[in-house]
Each structure stands twice: as C-alpha cells, then as structure tokens.
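Fit chain to chain and form the complex, with the hints in mind.
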Amino acid sequence: MSPLVEIRSVSKVYVRGKQKLEVLHHVNLDIGKGDFLALMGPSGSGKTTLLNLIGGLDSPTEGTLTVAEKRIDRLGQSELARWRASNVGFVFQFYNLLPMLSAARNVELPLLLTKLPAAKRRSHAAIALELVGLADRASHKPGELSGGQQQRVAIARAIVSDPTLLVCDEPTGDLDRQSAVEVLTLLQRLNRDHGKTIVMVTHDPKAAEYASHTLHLDKGTLVEAAAAAESPS
Amino acid sequence: MKYLSLIWSTLFRRKTRTLFTIFSVIAAFLLFGLLDSVRGAFANVGHNVAGASRLITISKQSLVVSLPTSLLMRIQAVPGVSAVTYANWFGGYYQEPKNQLVTEAVPQNYFTLYPEFVLPAAELRSFHDVRTGAIVGQSLAQRFNWKLGDKIPIQATIFPQKGGSNTWMFDIVGIYHVSDPNLKAEENQLYFNWDYFDQATQFGGGTAGWYIERVAQPKQADRVARAIDAISANSDHETKTQSEDAFTAAFVSQFADIGLIVGSIMGAVFFTLILLTGNTMAQAVRERIPELAILKTIGFSNRSVLSLVLAESVLLLAIGGAVGLAIAAVAVSGIRAKLGPQIPMLPVGTQAWLRGVALMIAIGLVVGALPARRGMRLRIVDALSGR
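Chain order of the listed sequences is W and P. For the first sequence, counting from 1, position 125 maps to 125 in this note's numbering; every step adds exactly one. For the second sequence, counting from 1, position 83 maps to 83 in this note's numbering; every step adds exactly one.
Isolated chain P (complex conformation) (with noise of 0.2 Å):
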C-alpha cells in the first residue's frame, strides 16, 4: 500500500494521456458488462425452471415449429398444472414497415395467467365478446394514439387471411397497462382473439405456437416441466417446457448466434485495448527511464521496478474498467426497466464483476509486461547518461 500514491503519481504524470486512456478502458468495459450480460442471459437461461411460477412449452425441434392444440387438455390434467393459455406469434406492421409490432394471438383466458397485465373487467369482458377485438398495452396506444373503439389495420407479414388480403383490422377493445416499472416494456405489445387469427388464416391455424402453464407451486416446476413434456415424448411434436426467460432468449437466438457475436466484438474490442494501452504504457516507461534509473539508484531492485510498472498498468485497467462496469450496470438495469424481457439481459453482478476484474488484471498484466521488463532491465549508468 505504500507504494500505491507513488504508482498513483507516476499514472497521472500525464494527466491528458492517461485521461484519454482511460476513458477508452471504460468505454471497452462498459461495452463488457452490456455484452455479458446479455451473453449471460443466453448462457444460463433455459436449463433451470425451478422456482418458475410460470412455464412455457415450444416444439423441441424448434420455436418455429407449432404445436397441435389438442395438447391443451393433456397439459391441463398434468399434476400441479393450475391453469394452461396458448399463443401464436403474429407479428405484423402499422401503417408502414418501419412500425414493426409484437403481437400475438391469444385465446380469451390469456389475461388470467398474466395479472400483471391490468386491465379493467368490462374490457376484458368486451375481448371475449368481440371477435376481431384486440387489448394493446397503453405505452403503445400512446405512440400510435390509438383510442378504446378504433379500429385499427395491421399489415400481416407472415399470416395472409384466406382471401390472400395481408390486412387484419382490429377494434380496440381494451387497453392494458403494468404497475411495476420494471416490466413496462410489456406494454408495447398487441393481444388479439385467437378465434379470429385460427378461423381466417390461410395457414397455421388449430396450431399453438407455444403454450404457457401457471404451475399451483413454483418449488415443483421442474418436475411439472418434466412431466409436460412426457406427453409428447417419442411423437413427432416433441416439446420443450422451459421459464419465460428461457423462452425470450430462444427466440432471439432464433435471428443469430448470439454467443459467437458478442464474444467476436468482445474480443475485438479488448484486442484494441490492448493495443492503445500498451501503447500508453510503453510511451509512459519510455519517457520515465531516468525516473526509474533513480529508483533503482536509491535502492529499488529490479523485481521492484518490475512490479511498479506492472501494478501501474493494472491501476489503469482497473480505474476504467471499474467505472466502465460501474455505468454498465447502471445502463444494464435501465435498459432491462425500458425493454423488459425483449432484450434478455443479465443485471452486471458479482459473476460478471469477477469476469470484469480478471480482465483488468490480465490485460493489465500483458499490457504492462514489455514496458515493466524495459525498466526492469535497464542498466543504471546507462540510463543515467542518456544511453
């Protein structure tokens, strides 16, 4: 420790250069923790329902792969099953491509297995007496300005009607919102009655995408996924009972290799690092020859100077990388409260902290080893008389 005001000193020689660099550390760090925690939420999730009030069940072989609807009463009687809703992916635009939406078609106990969702009685009594009635969450009636008794088009993007037209039209019946602040997201999504999407599609229809299970007792979620997907064991719609996080991630992985891009930018990036810092760092030693001369002068073995420019480069690997995580979670736990569940994402925790600080070091180390060995090596007189 009492080395540290003397590295700090020398770290802040000057102060302009190393500001710079170290804002581009915290720049890569922060760029670390958004990135694994995202890798993270794709790397834990889907092997573990335990503790899950709710389930989801897809086609094992894939999310694109519907399911029969006649596994819904069999997915009913499953012990500590308490209540079972379905779903199909709708998607679609309004107005203009650019207005992409997530909607869904539901049938009308949907809502039940997701209290969250409020809405008041007599609307939700309206969506189960109007057939092309949809419920949308209030942040997205806000952006389109969409009022109780619109009626709304929507350009279908996969599911045509019979007739071959791609516009559905939709009377709002409802409008949803959610309390908690972390879940607003999920007031940007569009609901509408699963009779009308399966009576007047071309295709897809007396297919589930997905269904969702409340189960009467979280602790047992594992042995009711496990049950679930017995029922269709060996046919060929095998199923995949997962958490909603597990869902959410699989379906993004639907549109990349999640893992492989965020570990080719990762790598990118802390490749730059390594290279701006260690420029530092070399620019840094070499301009401090005759400081460290002193210091060995005075005293200082070799192995100390040594590890005095090793434990400087660390200091500034850490200095950025600490505030980079630090603004990552920040950011990581805003971005989880603005996007809920769409962009599935890990909050920057002790995990992903440890990961940040082994990175620190390493990258301290290697940056700092060239320029450390030079000091280390260096010959007093030598350095003493400008040679």
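Chain W extracted, bound-state conformation (with noise of 0.2 Å):
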C-alpha cells in the first residue's frame, strides 16, 4: 500500500533580498496513512517548513510531494486551496481562531466552502464541537475561552470537513502541562479512533511521546528516525 504523504528530494530555499537560504535539503520522507508523526528538531531546522509543504501551505522549490496519490507541487494557489479545503486540517500553537465569531462559527468556517445547506453547517459543526468535549460552549467567543478550550475549537475546526490529514505546528507551545495533556490525548484519540494521519511539529518530548513515530530534522536534512515510541496513555 502506498503512504499516505510521499516526499521525494523536497528542497525548499528562499529568497531574501540577494541572499538565498536554503531550509529543506533533498528530504525524503514517507507518511502512511494512519500515523502520528512528530516532528522534532532546533529553531530554524525546517520542520514548520516541512509541514507548511506538506499541508499544501507552501510549494517545494525542488522535488515531489504526493499526498493521497496527488502530486500537490504541481498545483497552482486556487487548486491548492482547494485541495486543502477538503484534505487538510489545520492546527496552530495560537489557536488563529477569528475573534468576533463564536466557538461554533469558528468551527463552521471551513464547510462554508462547502455546498452543505445551513442547517446541516450548524450540525457538522456541533457535533466537532461535542468530539473535542466543547458542546456546551459553542455560543462562547474565543475570548471567552481558556488557552487550552481555544486549541480545542481549533481543532475542531480543523476536523469538521472529515480531511484525510491534519498538521499541526506546535499545538501545546501556548497551553499549561494540564491543557496539553488535554489537547495531546484528543489529537491521539483522533488517531487511533478516527483514523486521523497527524503530523506535528513540536519542542517538547513529552508531547512527542504521543506520536506513534518522530523523526529529527536538522539544518534542513531528516537526521535521525526515532524508534516508535510507546504512548504514555
């Protein structure tokens, strides 16, 4: 069976000015479906590049990235879009919810691009919510949230059209060690219970420790892949 994310001599360089930086040097990686992948490294080893590529955020400057048997580098920025309305869901360390819309508006944003009627927006949405253990807070605003409620919407935003994957950049860098834990069990509920392909960039081993794989990247080159780790859950 084929993986699920297939990166083939991925580089990434960019350009400042008259400088060029490479940060992603001839990658190779697969991702098969139905892992949790962490992503572990020292700031500026292009681990949040990698995943930015991968979520389809961002195009390689030289190599392949097949994700469910489509090339995703060949896409132009509206197919791109497209294609991660509908499989890829998103997961960042400040939460980027919007801040005048409730919880369950946040949560319905994506299946705005959707042909779903209203009623059924507002159904999917709920029943996001009541996965991440927030029904009872989906008229409550962002700001009206704890740290670790607010990753919660997000990710039940991020989870609310079904995609296939979810990435997800640093998810408990902002959270106390209790709302982390909160955060980092339901990511690996998600996982094993829905069949969620996660890929998370983190700092934190112990947050690392939920994946079912973690790879170390360094300078822009995948140095190390660390065994399976055993969940502490």
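Keep in mind that the hints were calculated from the coordinates and are not lab data. Accuracy of the hints is not assured; some may be wrong.
If the Cβ cut is set under 10 Å, some of the chain W residues that face chain P in the computed set are [stated by the list, open to error]:
| hint | residue |
| --- | --- |
| 1 | 48 |
| 2 | 52 |
| 3 | 57 |
| 4 | 58 |
| 5 | 83 |
| 6 | 85 |
| 7 | 92 |
| 8 | 98 |
| 9 | 100 |
| 10 | 113 |
| 11 | 117 |
| 12 | 158 |
Note that CB positions come from ideal geometry on N, CA and C, so glycine has one too.
Okay, here's the thing in structure tokens:
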C-alpha cells in the first residue's frame, strides 16, 4: 500500500533580497495512512517549513510531494486552496480563531466552502465541538475560553470537514501542562479512533511521546528516525 | 448569502470605529440626497409642461427682463387659455433688512388663478376697492403680528416711488391661508395692488414681470405653451412659457449655477468620504492579516478573500448610504412641506436611490480595492509567522 504522504528529494529555498537560504535539503519521507508523526528539531531546522509543504501552504523549490496520490507540488494557488479545503486540517500554536465569531461559527468556517446547507453546517459544527468536549461552549467567543479550550475549538475546526490529514504546528506550545495533555490526548484519540493521519511539529519531547513516530530535522535534513514510541496513555 | 454573517461579523469587529465611519457615510449620503434632490429639480424641470394646469410666461432673454402688458389680450385669445393674470416682483423688507419679504404686485384677478389661497370674499372685495390694499399669508401675518386694517410700511429695495421715497405704505385688507399642509410655505407672501405699483413706481410701470395662464385642458399644456410663445416669436420681447416648477427653478438660478455648486460640494464630500473609509478599511485589513491568512489556510481562495474584503467595504457604504438616503428622503419631504416651491426639490425617488446605490457600490469598491488586493496577495506562511 502506498503511503499517504510521499516526499521525494524536496528542497526549499527562500530568497531574501540577494541572499538565498536553503531551509530544506533533499528531504525524502513517507508518512503512512493513520500515522501520528512528530517532527522535532532545533529552531530553524526546517520542521515548520516541511509541515507547511505537507499541508499545501507552500510549494517546494525542488522535488516532488504527493499526498493521497496527488502531486500537490504541481498545483497552482487556487487548486491548492481547494485541495487544502477538502484534505487537510490545520492546528496552530496560537489557535488562530477568528475573535469575533463564536466557537460554533469558527468551527463552521471550513464548511462555508462546501455546498452544505446552513442547517447541515451547524449540525456538523456541533458534532465536531462535541467530539472535542466543548458542546456547552458553542456560543462562546474565543476571548471567553481558556487557551486549552481555544485549541480544542481549533481542532474541531480542523476536523469538521473530515480531512484525511491533520497538520499541527506546536499545538501545545502555548498551553499549560494540563491543557497540553488534554489536547495531545485528543489528537491521539483522533488518530487511533478516527484514523486521522497526524503530522505534528513540536519542541516538547513529552508531546512527541504521544506520536507513533518521531523524526528529527537538523539544518534542513532528516537526521534520525526514532523508533516508534510507547504512548504514555 | 452564506458569507453575509461572516462579513457582518468582521465589519463590526471594531464596533466604535465602524460606527463612526458609518456615521460619516450617513452624513455624506444625507447631503447627497438633499443636494441631488435640488440638482434634480433644476435639471429636470422647465422642458416639459405636459399636464400642467398653470403656465408661466417670462421673457426668453431673462427673468429680469419685463414683458409689455399689451401681451395680456393676445395671450387671453390663445385657444386653450381659460384665464390670464400677471405679476411683478417687488421684494422689499419690513422694518429691518433681515426681514426680507416675498412681495409681488398683482392685478385684481390674480387670486382667481390661485384657488389654493383661501380668503373670505369680503376681503377679496376690499382688495379690489382699496388702492393700497395688500393681502398677506397667514404665516407671514403671524410672524409680524399683522392684523386686518393695519398699515404697514415696506422698504423697497428695487422700486422707489416717483418722489424718490423707498417707503411704500400698504393697508392689510385680507389674510389668506393655504389648507394643503404641503403648501404652507405659500403663506409667507404679500400681494398688493398692481394699480398702486404701476402708478407710483419710478420705473417699471406698464410692464409685467411674468404672465400666469390657466390652461383649460392640462393635456394640451404643451400646445398652449407653444402657441403663447409663437405670439412674440421674432419680436424684441420673445417669451418662454413653462411650468411653475420650471419658473421657480429659473428664478433661483438667477443667483447661482446650482448644478456647479451642487456638483462641487458632492465631489468634495465624496472625495473626503473615500479618504476616510479607505483609511478605515486599510486599518481593518491590516489588523486582520493573520485572520485572512487563516481563511486562506482552510481553503479560501485568493479570489474569495478579495471578494470578502470588497463585500465588507461595499456593505459599510451600503449601511451608511441607505440610512443617509432614508433620512434625506424624510428631510426632503419635510423641507418641501415647510418651504414649498421656494426651494425647488424633487422627492428622493427611485432615480435618486439608484444613483445612490451606484455610488455606494462604486465608492465601496474603490476604497476596498487596495486592502482587498493586499488580502488577496498575502502569503500564508509569511502572514502566519508575522512577516
């Protein structure tokens, strides 16, 4: 069976003025369907860049990137946007919720891009919120929620359109330990119970323990493939 | 429509700033509604007399050029004219220059052409009998506390008497009222005997400022107007016959180029509005760069983001514009009731609304263009990392 994500000889070069900065150097990586992969590495190692490429937020300078048998490195911006809408859910360190919308309406946002009628959109959003344990906070705005709750709303937004792949950039980086455990447990449950493939960037070795695999990046190159970690739960 | 609630929420993300901006849009469109009403009145009247029951004939050269009184009999003979009268502008003031009056010298049959001026038959007879008699509107009488039998001195500003005096004494012999509340402003006028004016004035006697004709069949007003003007064709006193609205507009136009003034004011107002709302939109989008990046992250295309920002900008203009025009509609209706035809104004009707909506959309698109372009072109990874 072919992996969900196939990365072949991917490089990424940023040009800042006259300077060229190679952030990723010929990276090769396969991520199987149903994997929970943690990407670790020092600041500037290229892990967020790799995550952005996997999520279709950016395009590689060189190499091929296939997700679910689709070459996303060849897609134009509009096609990538459509692809992201139906295939990827995103979770960020700082939640990135829209502050003027309630939790339910934040979760409903990705569904605006579908042809679902309003009632269906609302019911899907309610289900997603229930799945993350925040059904009773549906009408609350982000400012009225704790950091952990906001991150769970962000996770509900990421899964509401039922994407195959979740990409998470430091999802616990702004949370206290208790909230971080809740969020990581939730991600683990989504991986184990709902079959979501998850790629998570983290600095925190404890957070990486929740993943089934951990990879390390250094100076734009994959340096080590850690053995499958035992989950603490 | 499914995006409306998202656009609405983002528009009111900073309530105070948005409300202040909307207030400025309201003010601009209120002004637009009022000025467009005046401009429309001046632009549209005067060329079409169809359906008018009263026509007014003035000199083709200018309203200030008088016409010979000998025209009276010839106009009366035009088929379709059931009655003719005439008038001369007198003006003047009472006691102090600030008390400027709308005063006209009129012959005794004048009021038969204006049935909307209601006054007792005995008072109308007195107007016939008393050479210095004057009939004043109820509102004007109340303003200066004038009563029947009062002698009032009016200071002439154009027409001195033959002896050189500018003081004209009038006896108030009648007070009329107007029952239609929309025409209450007509009660602010003073009419006095033509004969008194004609005999006592140092100049201007023997001529009429304008003629007023009652048309037997309003449907034939256009034909009647052309027949009246044909009387003086190729003479040294060619005439222009028009509706009362057109006459009023022409009268006011003597003082200024209304179209130019209105156009200049509206241009300045909307230019300022563009700067103001443009600044608001630019700030709003600048603050929301990470949020727009998130929308793009979850799958909104560049075009969707462009459309959302433009729609927000148009919505901002549409809310303020609609409220402003609605207030203007009410205000114009009130001003027309208060001032009557002294200031010609068209109601804020469908045409004004269509022009207003077109302006709202155009300004909305103009002020939203740059911020929308910025939102459209932002790179997700840069925006999310705060670059």
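Would you pick out the hints that fail for this structure and give their numbers low to high? none
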